[in-house]
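Generate coordinates for the entire structure from the input sequences, incorporating the hints supplied.
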Amino acid sequence: MDWRARNQAGYWAFLVHRVSGIALALFLPLHFWALGQALEGEARLESFLRWSEQPLVKASEWTIVLLLAAHLAGGLRVLALEFLPWRDWHKGLAALAAAVSIAVGLAFALAL
Amino acid sequence: MSESLRVRVWRGTGDGEYRAYEVPRHASQTVLDVVTHIQRALDPTLAYRFACRVGMCGSCAMTVNGVARWTCRTHVDKAVKGNQLEIGPLRNLPVIRDLVTDMREFFDKWAKARGKFEGGRTRGDDLARVSPDSEDRKLIEAGIECIGCGVCYSACDVVAWNPDYLGPAALNRAWTLVKDERDTAGLERLRAVAGDAGCHACHSHMSCTERCPKGIAPTASIAGLKRAVGRAALRGEL
Amino acid sequence: MKRDANAARQETLLWIAQRASAAVLAVCVLVHLATLIYAVRGGLSAAEILARTHGSTLWLGFYSLFVLAVAVHAPIGLRTVLAEWIGWRGTWRDAFLLGFAMLIAGMGLRAVTAVFA
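Protein chains in written order, with numbering that gives the first Met the number 0: chain A, 0 to 111; chain B, 0 to 237; chain C, 0 to 116.
Source of the hints: derived by calculation from the structure; they are not laboratory data. It should be emphasised that the depicted structure is a prediction, and the values quoted were computed from it without experimental measurement.
If you want the footprint, here are the derived chain B segments under chain C, 3+ residues with CB under 8 Å: (1) 155-166; (2) 192-198; (3) 222-232.
No farther apart than 16 Å at their CA atoms in a straight line, the calculated lysine to aspartate or glutamate pairs in the EDC-like style are these: (4) B/Lys137 <-> A/Asp87; (5) A/Lys90 <-> B/Glu209; (6) B/Lys111 <-> C/Asp3; (7) B/Lys213 <-> A/Asp87.
Ideal placement from N, C-alpha and C gives every residue a C-beta, glycine not left out.
Right, dumping it as structure tokens:
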């Protein structure tokens, strides 16, 4: 398929939603493993947290948070489209989802 | 306006190529005018479909600069890139020749979705009384104007990724029948439209809604089908 | 016909499970994001985190629910991706995804225990 045909809001909303979903699904086992380290005692979790202070890791963490926010926003869009009675403003949901995700990403970046 | 248009037109079958033509540009010219000029004045072997020329039949749907449109209702000024136009057959359908596609699978899927009215009355019975103000009738009105032009089917990514997917037009029509209190197909139609060849494969890209020349929102109809099918499943009826 | 009817029912139930788990996750993720942003201000050490979380039954319950909802939601989502983008359909794909669901649930509940028990 041609990008000229795909270049509309709904397609981008879908793509972000799908790619973020895949990334999150792949990230989760790692996330759970890291937290499970606490079972070995506080020191193991602490040493993992120290490792994760590296800039590259911090950047990846921020990306994951952004992806989570994006996937949530996109998911709320799908739930709205599928369960609410159709209204014309539903076409604007993709843009709204994008805006909210970026806001959350910013909030996390500022908190770091 | 003495400018010329540089028009690339798909020639051949699925295995063809774009060929370039130079077409005089006029004010108030539609893409169908361009195609007609090529066939009449430049190359009589060009195959294309049209009928009414006035945006009622949907026969002239083609891919114009990458986007599925009715060529009789597309002004060159709206679609042209500089002076370039690229015209090809509708996507997601087998190409018979040049700009003509085989619409059989489109209509076969319409039948698979049970997009046919199945009534329970005879001519001996009283007329059904359906209020145009009822919620169901309003939902039907929003989707009933489909003329089967194939633009939505051509625009849909899921149709491209899933060969069994019934597609937006068939599902939209099924929805108008699900909402029709006179129709008797009921659960069988819901079964026909459920599943990953049916409504559940729609991911709300909304390309269909974006491109439909009649302003129909198949995404909304398909969402309605998802809810109806979900309800039937939860009640153990499916 | 019977096989088609079964397939239709199965797909519908998966869709329902996906949307229901999505609704649960919407709440869980909002809480999680808010907590993250709050906790992350000024950096965090393991001692700090664990001091707040250990022994909290409320958080234990909340995050257990979170994990189980993800264990339902993620595999069903991946199922469609595998079918549409890789062309993998059928029983083996579903078996793989069931395994993935067990992995998420298992590792997730282990993590929840580690942090909150």
